[in-house]
Amino acid sequence: MSSDSSQSPPSRRGLIAFAWVWVGAPLAYGLYELVQKATQLFTG
Amino acid sequence: MSPPVAPAGWSRWLVPPAALSVHLSIGQAYAWSVFKPPLESALGLSGTQSALPFQLGIVMLGLSAAFGGTLVERNGPRWAMTVALICFSSGFLLSALGAATEQYWLIVFGYGFVGGIGLGIGYISPVSTLIKWFPDRPGMATGIAIMGFGGGALIASPWSAQMLESFGSDSSGIALAFLVHGLSYAVFMTLGVLLVRVPRSPKPVEGAPSVLAGPQVSARSAVRTPQFWCLWVVLCMNVTAGIGILEKAAPMITDFFADTSTPVSVSAAAGFVALLSAANMAGRIGWSSTSDLIGRKNIYRVYLGVGAMMYALIALFGDSSKPVFILSALVILSFYGGGFATIPAYLKDLFGTYQVGAIHGRLLTAWSTAGVLGPLIVNWIADRQEEAGKHGASLYGLSFVIMIGLLVVGFVANELVRPVHVRHHIPAPSKEAVDVQRQQSESA
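Residue numbers (this note's numbering), protein chains in the order written: chain S, 1 to 44; chain L, 45 to 488.
Because the hints were derived from the structure by calculation, they are not lab data. Each residue gets a CB set at the ideal place from its N, CA and C atoms; glycine is no exception. Incorrect hints may have been included.
Each computed SDA-like pair below joins lysine to any residue, with the alpha-carbon atoms no more than 25 Å apart [what the hints assert, rightly or not]:
{"#": "1", "chain 1": "L", "residue 1": "K292", "chain 2": "L", "residue 2": "W273"}
{"#": "2", "chain 1": "L", "residue 1": "K292", "chain 2": "S", "residue 2": "T39"}
{"#": "3", "chain 1": "L", "residue 1": "K80", "chain 2": "S", "residue 2": "L31"}
{"#": "4", "chain 1": "L", "residue 1": "K80", "chain 2": "L", "residue 2": "K292"}
{"#": "5", "chain 1": "L", "residue 1": "K292", "chain 2": "S", "residue 2": "Q40"}
{"#": "6", "chain 1": "L", "residue 1": "K292", "chain 2": "L", "residue 2": "S77"}
{"#": "7", "chain 1": "L", "residue 1": "K292", "chain 2": "S", "residue 2": "V35"}
{"#": "8", "chain 1": "L", "residue 1": "K292", "chain 2": "S", "residue 2": "F42"}
{"#": "9", "chain 1": "L", "residue 1": "K434", "chain 2": "L", "residue 2": "I421"}
{"#": "10", "chain 1": "L", "residue 1": "K366", "chain 2": "S", "residue 2": "T43"}
{"#": "11", "chain 1": "L", "residue 1": "K434", "chain 2": "L", "residue 2": "F361"}
{"#": "12", "chain 1": "L", "residue 1": "K80", "chain 2": "L", "residue 2": "D427"}
{"#": "13", "chain 1": "L", "residue 1": "K292", "chain 2": "L", "residue 2": "A359"}
{"#": "14", "chain 1": "L", "residue 1": "K80", "chain 2": "S", "residue 2": "Y32"}
{"#": "15", "chain 1": "L", "residue 1": "K292", "chain 2": "S", "residue 2": "T43"}
{"#": "16", "chain 1": "L", "residue 1": "K80", "chain 2": "S", "residue 2": "Q36"}
{"#": "17", "chain 1": "L", "residue 1": "K292", "chain 2": "S", "residue 2": "E33"}
{"#": "18", "chain 1": "L", "residue 1": "K292", "chain 2": "L", "residue 2": "A432"}
{"#": "19", "chain 1": "L", "residue 1": "K80", "chain 2": "L", "residue 2": "L150"}
{"#": "20", "chain 1": "L", "residue 1": "K292", "chain 2": "S", "residue 2": "L31"}
{"#": "21", "chain 1": "L", "residue 1": "K80", "chain 2": "S", "residue 2": "L27"}
{"#": "22", "chain 1": "L", "residue 1": "K80", "chain 2": "S", "residue 2": "E33"}
Far from chain S, some chain L residues (derived; all Cβ distances over 10 Å) [unchecked claim]:
{"#": "23", "residue": "G91"}
{"#": "24", "residue": "I130"}
{"#": "25", "residue": "L198"}
{"#": "26", "residue": "E209"}
{"#": "27", "residue": "T304"}
{"#": "28", "residue": "V368"}
{"#": "29", "residue": "R428"}
{"#": "30", "residue": "R467"}
Go ahead and model the full structure; you've got the sequences and the hints to work with.
Given below as structure tokens:
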């Protein structure tokens, strides 16, 4: 069991999370600004 | 530069953020309009002159994607993303120099020519790699990346506007804004360069179809097939129809309801444009993922057939019902985005993964053509109708009829798509050759 886990490739969960946050954070900012502007259609 | 092969255990879910870091950056191109008014006042330019960097950028996007596609296939995605990073960022740095020295030609050359090469190479850089990593869901994979191109403008538009507000709208403020853009995008795109990997064997996912399954056609042969030109017409017609709405969205909704009891204000029209951007982006990931379930030909039947019906709805009932006008426009824009995002997977179905990035690059000339055709039709007709004394919704009636006709042409072209004739296929590699290739990639 331990020899199996020592041969298995390293987990990339941290890197995956970092990469998605890297691109997700600015996209979330863009979407927030978009929603703010889009609501003007119903309130403007 | 040899393509970077993924080490054992490399997750395919690292490839979409690599692609997104490039597409979210180069998507800034559609937010160029933020720089237009400050440039016009700081350098004394006309509206036509201030649009030049963007227009040249889009022309260079089409040309570099068409002519650079084979190089991208040969050198791999890391090379392509590096070229895109250098060109796109250098474009901004040259523009900063141009603004600081008040040499407008340098902004046109930097942002338009140099940056435009970055747009084209960057746009096609992850397509082939994503399809190889996600042979089971190619529509979703390319949809994520191409959604990023739409998302790039959403980020850049408020970001650039806030920067100009902070730095000032004179030439030194614009120069500083360009400089910050160039440096920031260089850092942001670096993630893509570092993360992108090609799969180590032709069969990366257990249970998924092999990337080498089915016919494989080279880019040189693909452009000689009727299938390529049918898809060219399909993409061109779909994009033209979308641009028909997008180009004049704000004045269109204002004109449509100008004579009604519920006229649309300027700020509400801006909200409508923002909503269209959201539909465009959602369509890229939503419809492209749906194509993995219902098939590429069927999804284009929806884009083109239902798109024509939506145009007919606007033409017939749009001026009497605001919800009908808005919903129909949103559906058309979602199809516009979906058409862009689904085309790489359609190409992969027909021509295989062998040189799908290069074939995609050549097909993007349809986008450049539509970029000229769509605005030309809508603006020219609206101007002529206005000269004839018409106003309101009647300014656009003829444009909508033409758009319906174009979508029908696209629908017919899609129906004509058949599997590629075997004479265009590259010879299938022997089992021994595939085994040698796999061993080489595993020992790399």
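Hints broken by the structure, by number, lowest first?
1, 25
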